[in-house]
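Chains as they are written, first to last, in UniProt numbering: chain A, 1 to 388; chain B, 1 to 388; chain C, 1 to 388; chain D, 1 to 388.
Source of the hints: derived by calculation from the structure; they are not laboratory data. Incorrect hints may have been included.
Stated by the list, open to error - So, partial list: chain D residues that the calculated Cβ filter (under 8 Å) puts toward chain C:
(1) Arg-29
(2) Phe-33
(3) Phe-96
(4) Gln-97
(5) Val-118
(6) Asn-145
(7) Tyr-146
(8) Pro-185
(9) Phe-187
(10) Tyr-188
(11) Phe-246
(12) Asp-250
(13) Leu-252
(14) Gly-293
What the hints assert, rightly or not - EDC-like mimics (lysine to aspartate or glutamate), calculated; alpha carbons at most 20 Å apart, straight line:
(15) B:Lys-31 x A:Asp-100
(16) A:Lys-204 x D:Glu-234
(17) B:Lys-12 x B:Glu-353
(18) B:Lys-204 x C:Asp-98
(19) D:Lys-204 x A:Asp-235
(20) D:Lys-112 x A:Asp-100
(21) C:Lys-31 x D:Glu-234
Here a beta-carbon is modelled for each residue, glycine too, at the ideal position from N, C-alpha and C.
Number of protein chains: 4
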Amino acid sequence: MTDLSAVKAALKAQEIETPSWGYGNSGTRFKVFAQEGVPRDPYEKIEDAAQVHAATGVAPRVSLHIPWDRVDDFAALAAFARERGLQVGAVNSNTFQDDDFRLGSVAHADPKVRRKAVEHLLECVDIMDATGSRDLKLWFADGTNYPGQDDITGRQDRLAEALAEVYARLGDEQRMILEYKLFEPAFYHTDVPDWGTSYAHCLKLGPKAKVVVDTGHHAPGTNIEFIVAFLLREDRLGAFDFNSRFYADDDLMVGSADPFQLFRILHEVAKNDGFAPGRQVAFMLDQCHNIEGKIPAVIRSVMNVQEATAKALLVDLDALRSAQSAGDVLGANAVLMDAYNTDVRPLLREVREEQGLDPDPLAAYRATGWQQRIVADRVGGTQAGWGA
Amino acid sequence: MTDLSAVKAALKAQEIETPSWGYGNSGTRFKVFAQEGVPRDPYEKIEDAAQVHAATGVAPRVSLHIPWDRVDDFAALAAFARERGLQVGAVNSNTFQDDDFRLGSVAHADPKVRRKAVEHLLECVDIMDATGSRDLKLWFADGTNYPGQDDITGRQDRLAEALAEVYARLGDEQRMILEYKLFEPAFYHTDVPDWGTSYAHCLKLGPKAKVVVDTGHHAPGTNIEFIVAFLLREDRLGAFDFNSRFYADDDLMVGSADPFQLFRILHEVAKNDGFAPGRQVAFMLDQCHNIEGKIPAVIRSVMNVQEATAKALLVDLDALRSAQSAGDVLGANAVLMDAYNTDVRPLLREVREEQGLDPDPLAAYRATGWQQRIVADRVGGTQAGWGA
Amino acid sequence: MTDLSAVKAALKAQEIETPSWGYGNSGTRFKVFAQEGVPRDPYEKIEDAAQVHAATGVAPRVSLHIPWDRVDDFAALAAFARERGLQVGAVNSNTFQDDDFRLGSVAHADPKVRRKAVEHLLECVDIMDATGSRDLKLWFADGTNYPGQDDITGRQDRLAEALAEVYARLGDEQRMILEYKLFEPAFYHTDVPDWGTSYAHCLKLGPKAKVVVDTGHHAPGTNIEFIVAFLLREDRLGAFDFNSRFYADDDLMVGSADPFQLFRILHEVAKNDGFAPGRQVAFMLDQCHNIEGKIPAVIRSVMNVQEATAKALLVDLDALRSAQSAGDVLGANAVLMDAYNTDVRPLLREVREEQGLDPDPLAAYRATGWQQRIVADRVGGTQAGWGA
Amino acid sequence: MTDLSAVKAALKAQEIETPSWGYGNSGTRFKVFAQEGVPRDPYEKIEDAAQVHAATGVAPRVSLHIPWDRVDDFAALAAFARERGLQVGAVNSNTFQDDDFRLGSVAHADPKVRRKAVEHLLECVDIMDATGSRDLKLWFADGTNYPGQDDITGRQDRLAEALAEVYARLGDEQRMILEYKLFEPAFYHTDVPDWGTSYAHCLKLGPKAKVVVDTGHHAPGTNIEFIVAFLLREDRLGAFDFNSRFYADDDLMVGSADPFQLFRILHEVAKNDGFAPGRQVAFMLDQCHNIEGKIPAVIRSVMNVQEATAKALLVDLDALRSAQSAGDVLGANAVLMDAYNTDVRPLLREVREEQGLDPDPLAAYRATGWQQRIVADRVGGTQAGWGA
């Protein structure tokens with residue numbers, strides 16, 4: 001039997017990090033549809049993130065993206081966040097939008113370009129120092145579009161060298177978390193295409209290097225929860241980038257394409273003690289809201305993670321292990337499905353009420369009038385997007 | 001035995017259409033890397049296309065894209081092309097970049113948006129009239145990102161209605177060619193996701209409606225040559241959009257990711273008489289050159305199609321049919337592979353020399369000094385891209 | 001608001017057909033693990049199917065597979081079924097296990113082999129006459145393993161000819177339902193790989209020919225509910241073959257791999273009136289239980305379809321359409337998700353009790369002692385499997 | 001410039017291992033089509049393998065599969081092979097066909113089943129001792145079909161324990177090579193699904209543990225040559241299992257589905273010195289010939305590997321590196337494609353003639369009359385297949 005008060009306690013303790021870029025404009029290569037009220041600067045993004053935290057109570061951190069979130073005084077930005085109940089989460093580097101990075105950054109054939117990329121990464125650690133951020137999140141767009149375009153192993157050498165230099169710069173409490181991605185924007189090969197590549201680099205770097213699992217970055221048919229379980233077993237799971245996709249890296253709201261997969265992933269987290277603070281697994285959203293309202297979409301995403309977490313916590317592990325040990329295929333599967341099929345929305349409403357929150361975060365957000373206010377106020381200036 | 005003079009004649013008669021947008025800047029949602037010398041207007045695009053035709057001798061047509069190629073006087077644009085040895089090929093509509101099209105165009109729930117989309121399509125037919133173009137090429141970004149977002153069958157009804165109105169506007173010698181695409185920019189469902197959907201609409205519209213097979217628009221594992229063969233059997237293959245992809249719609253140079261697949265596709269075309277002018281199959285490139293030089297990449301792509309065509313024409317169909325009839329699995333496969341394994345580059349050099357062309361189109365292009373000239377001359381103004 | 005009594009009525013009226021082969025042994029190319037108590041003949045399979053119907057109340061039909069279910073007196077077999085409350089459902093042909101069919105059946109290059117295949121299909125219609133079956137279900141293993149092995153369009157001609165002959169033999173109330181499959185056991189191309197091919201053949205055959213959607217037979221990323229919606233719009237959806245897969249055609253229990261997809265499919269059915277008896281959509285299971293207990297797995301599968309159906313029926317279509325018309329992306333999605341997130345198990349328990357059934361079909365089955373009885377009784381003889 | 005005499009020397013030194021099971025009957029779960037002349041025992045398989053070596057000159061090793069190739073006296077079997085110019089290659093274990101292995105072998109929840117599996121693996125090492133085989137090739141069918149069926153990390157623990165025991169048993173010159181596979185026959189998760197998992201286990205085991213790359217065991221879109229390059233860089237590439245697939249693990253002839261991919265893989269091998277004997281990379285076929293003649297199919301496969309190797313060796317690495325360093329995307333790709341587009345069949349005919357072989361291995365095989373002889377002689381007895 002599952003202990004409901006423990007489940008509630010775990011749900012209250014959950015922390016989901018939201019991305020600053022999720023509040024800005026975004027789109028596809030075909031079109032970015034701008035929305036009214038979108039932030040013009042990092043301060044406004046943090047204000048929006050604070051709304052999400054106010055409505056849900058479980059989103060106390062916001063990831064930054066450099067240079068999109070570059071400000072003159074990062075300590076001031078962090079203070080601005082703290083005043084609104086938020087911490088600065090991961091600092092995300094960007095080595096894909098400078099013209100010099102057309103053929104790569106840390107893995108580029110030209111040492112001058114690599115130098116530029118490494119300097120950017122080191123600057124990101126400076127920003128971590130200034131903001132109190134723990135995690136340097138690295139995703140590299142590096143790769144090639146055509147067979148033969150560059151040397152795959154040569155690029156690995158350069159990548160390893162760059163990572164080592166940046167790793168050496170980390171403080172004792174800081175971490176490097178390394179994301180992998182099957183494809184895009186490099187189309188023939190990417191330099192960190194899968195968890196194995198990220199894991200192998202992390203092993204060589206040291207204990208402060210961990211793998212980021214972005215739920216949208218796998219080939220079709222990949223069993224993501226296996227990877228999560230494996231990395232937890234190896235103590236190398238650093239963070240999640242949550243989002244959904246039906247086919248490619250679509251950046252849809254987490255839980256919107258395959259809620260059962262999200263549940264299975266979080267079941268492995270729960271079963272392998274991945275929610276324990278000591279494991280330091282960061283639960284981040286990494287999504288972009290191209291056609292839907294941004295703040296409500298983030299709130300909905302946070303709720304989707306909460307609901308999948310609640311279901312995962314409801315799995316009767318004793319019954320599960322008993323059926324597994326007995327080789328009872330249908331019985332073991334049924335234990336899992338019982339939890340999944342439970343409607344946990346009443347439980348979460350209860351949890352929220354016990355936390356002094358509105359049981360319905362979306363209604364709570366609507367009631368604030370924030371949306372109308374930003375639409376009215378954020379006029380003029382340049383809306384934030386992937387380009388700024 | 002294959003008749004080599006017939007092969008040569010077929011190669012000389014081949015016509016490959018190049019896209020105006022392939023000469024402009026393009027990229028991914030992450031970054032568009034601008035290149036020097038890129039055209040600023042449709043006239044300059046046509047000048048570049050003329051260079052490709054001059055170098056290869058088989059690229060006498062250029063596709064337009066509206067509004068990217070909108071000019072005040074389309075008849076003048078067509079005349080400008082003719083003076084350079086080119087014809088205007090397909091007119092490509094664009095119903096995905098106007099802010100009104102955030103949730104779709106011809107399938108949008110709002111009749112006003114649909115009206116706007118249909119008016120655009122009708123304008124494209126006007127441009128066909130003005131330029132002498134035969135083909136209205138329709139690709140719709142329509143679809144949804146989230147389950148439930150809109151009604152799938154309702155959208156089909158609206159799509160069918162719009163297509164019917166535009167079809168009725170076509171002249172006797174004009175065609176509507178309807179492209180399908182598995183995903184992107186719509187991520188949950190697209191309104192014309194596969195050849196079956198396009199085919200079903202074409203059947204209802206009439207004989208002037210045909211299917212466009214874009215080689216990059218299929219789910220993994222799809223046998224594209226089967227579709228090509230099936231559509232040729234039904235006389236519903238209108239055109240190819242050639243490009244390559246390793247995973248998604250990557251718009252890489254045709255033949256660069258899977259040259260054997262390209263060969264198999266063109267083998268079905270050859271075997272089913274698809275190169276015959278009466279079949280009116282248009283062989284178009286639809287690619288974008290994000291990191292490589294644009295004109296050389298188009299030339300290379302044209303050469304790749306030529307090489308795959310040459311191999312396809314070299315298949316000994318008598319030997320193939322004989323082995324097929326005998327149930328000789330290895331023998332039949334070997335006949336096909338014999339043609340594929342042939343190095344056809346000497347044959348194509350010969351063909352080019354017989355046509356009075358340089359046997360090496362890329363060297364010929366380099367020798368013109370065109371690239372240096374456009375880099376020097378095309379300074380200032382706004383470079384063409386997907387946005388203009 | 002959804003009318004709960006209408007939902008209940010629809011759930012009580014639902015009919016799910018189970019496959020005779022689901023009760024026999026099955027496995028992979030690597031190994032068939034035999035189970036105790038498995039039927040030795042079609043009569044015993046029907047007895048097992050009757051247990052499923054007794055426990056669930058919604059499985060009144062059983063599909064036959066010829067020759068696996070060949071008996072001397074099919075009328076007697078049908079009577080045996082009727083005595084147990086069952087009807088004979090679809091008759092499934094088998095043109096893939098005779099040695100003559102190594103390179104195909106109805107599409108084989110050799111007319112003698114095609115004749116043999118057609119004779120088998122005609123025999124299946126005889127069996128339909130004898131058993132009162134309405135549906136001839138056709139799935140062809142035809143295809144090739146290697147490029148060039150046979151002629152794709154030639155095979156289409158032969159397939160079309162065979163289908164036409166069999167179609168002409170159908171009685172007024174009989175139907176031909178044509179299944180498609182992406183791959184396996186043919187690995188390079190299959191002769192009916194996708195819904196478009198099946199649909200095109202059905203169109204030419206006539207109104208008694210319909211498409212079968214097997215949920216496991218698509219390329220990754222295919223939106224199956226789109227196909228379902230499209231075919232319902234065209235009145236060409238004949239039947240479902242329900243099962244699940246994570247990667248290939250794994251024949252897992254329906255709803256076990258992606259319950260949200262099953263819900264979306266049934267939402268399209270509900271929305272497009274596909275549950276209405278007049279639409280004649282057959283809801284069949286087509287799965288094999290390799291490692292789990294067979295009868296309980298079938299019961300569980302039936303329950304999974306019921307639960308997904310209940311959720312689909314609970315979708316508030318008025319609210320959905322209203323949000324869709326308003327372009328409210330998040331709102332429309334939320335309406336759908338509200339139904340999906342509902343725990344419908346209490347409702348189904350209620351429905352069963354109102355029907356005089358045990359609210360827990362699996363417990364009801366266990367309570368019968370049937371499993372112990374067949375394990376004890378069905379000793380000796382040859383267990384049924386794919387080979388017999 | 002490539003040194004042609006070095007290329008020839010490398011081609012003459014190449015060694016391709018063929019699998020004993022490739023000479024026996026095989027099929028799909030739907031049907032095994034038996035062929036005339038198929039071996040009845042391991043001795044006859046070795047005789048067939050010797051024919052392949054006689055015809056090609058580069059297939060001096062044959063892999064065994066236990067228990068399919070179990071004999072009373074393995075030393076005698078090895079001597080029998082040596083008399084025919086062959087060595088025993090890898091010994092392949094089988095922990096998937098015993099009834100006890102329904103839910104797994106080394107990762108099974110029941111220690112008795114694990115013991116049985118480990119004993120089998122240890123027996124395989126005994127057979128290595130007796131036959132002089134260097135490589136214990138491990139592929140585990142272990143995994144689950146349903147979420148929750150068993151504990152993913154628990155299974156990793158058990159797997160690791162079993163591997164460690166077997167690793168400790170290896171002689172100084174013996175290796176353990178560990179294969180990974182995305183899916184099948186386990187359909188929800190496999191215990192070694194990807195190279196990362198195999199690599200992580202090998203790291204912990206020690207330097208005698210290496211990864212096997214089976215070209216058919218990846219998710220769609222996976223860049224296999226990246227994995228090969230990465231493993232060579234880490235000195236953890238133990239062997240290839242060559243075969244082809246269009247969609248799943250189809251076991252088609254290597255090079256038949258995507259010859260360009262095979263070339264790219266072997267280009268990485270060549271570039272990273274993987275053909276050097278000291279690297280100890282084993283080039284094995286692992287395919288089954290379901291509908292085509294078996295010995296000719298193996299010969300054709302060997303030739304396909306030779307042709308792809310020849311092309312890989314012809315890549316002008318100096319020109320390639322020069323273009324890569326210069327960031328010349330099209331130029332670098334062109335260097336690779338120049339080698340790929342070369343017709344290397346004349347070169348290979350020359351190589352064979354210099355080795356005293358018939359330039360056409362398939363004709364040479366046909367000329368032996370071996371096929372007619374085995375069809376005539378191998379009558380009666382039980383044909384070898386996956387079951388024996």
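Here is what the structure says about each hint:
1. A distance limit of 8 Å between C-beta atoms decides the matter here; for D:Arg-29 the minimum to chain C is near 5 Å, and the interface restraint holds.
2. Because the beta carbon of D:Phe-33 sits about 5 Å from the nearest beta carbon in chain C, less than 8 Å, this interface hint is met.
3. The criterion of a C-beta within 8 Å of any C-beta in chain C is met by D:Phe-96, whose closest approach is roughly 5 Å, and the hint holds.
4. Residue-level restraint check for D:Gln-97 holds (minimum Cβ-Cβ distance to chain C is 5 Å; threshold 8 Å).
5. With a cut of 8 Å, the hint placing D:Val-118 at the interface with chain C is violated, because the nearest CB-to-CB distance is about 19 Å.
6. The closest approach between the C-beta of D:Asn-145 and any C-beta of chain C is roughly 6 Å, which is under the 8 Å cut-off, so the hint is satisfied.
7. At its closest, the beta carbon of D:Tyr-146 sits 6 Å from a beta carbon of chain C; the interface hint therefore holds under the 8 Å criterion.
8. A distance limit of 8 Å between C-beta atoms decides the matter here; for D:Pro-185 the minimum to chain C is near 4 Å, and the interface restraint holds.
9. About 4 Å separates the beta-carbon of D:Phe-187 from the nearest beta-carbon of chain C, less than 8 Å, and the hint is met.
10. The criterion of a C-beta within 8 Å of any C-beta in chain C is met by D:Tyr-188, whose closest approach is roughly 6 Å, and the hint holds.
11. This hint holds: D:Phe-246 has a C-beta 6 Å from the nearest C-beta of chain C, less than the 8 Å allowed.
12. For D:Asp-250, the shortest C-beta to C-beta distance to chain C is roughly 4 Å, which falls under 8 Å, so the interface hint holds.
13. For D:Leu-252, the suggested interface contact is upheld, since its CB lies about 6 Å from the closest CB of chain C, less than 8 Å.
14. At a threshold of 8 Å, the smallest CB-CB gap from D:Gly-293 to chain C is about 12 Å, leaving the interface hint violated.
15. The straight-line distance between the Cα atoms of B:Lys-31 and A:Asp-100 is roughly 12 Å, inside the 20 Å bound, and the hint therefore holds.
16. For the proposed pair A:Lys-204 and D:Glu-234, the alpha carbon gap of about 12 Å is at most 20 Å, so the pair holds.
17. Restraint check for B:Lys-12 and B:Glu-353: the C-alpha separation of about 11 Å stays at or below 20 Å, so the hint holds.
18. About 40 Å separates the Cα atoms of B:Lys-204 and C:Asp-98, which puts this hinted pair outside 20 Å; it is violated.
19. A threshold of 20 Å between alpha carbons decides the hint, and for D:Lys-204 with A:Asp-235 the separation of about 15 Å falls inside it, so the pair holds.
20. With a CA separation close to 60 Å, the supplied pair D:Lys-112 and A:Asp-100 exceeds the 20 Å bound.
21. With a CA separation close to 36 Å, the supplied pair C:Lys-31 and D:Glu-234 exceeds the 20 Å bound.
In summary, the structure is inconsistent with hints 5, 14, 18, 20, 21 from the numbered list given earlier, while agreeing with the others.
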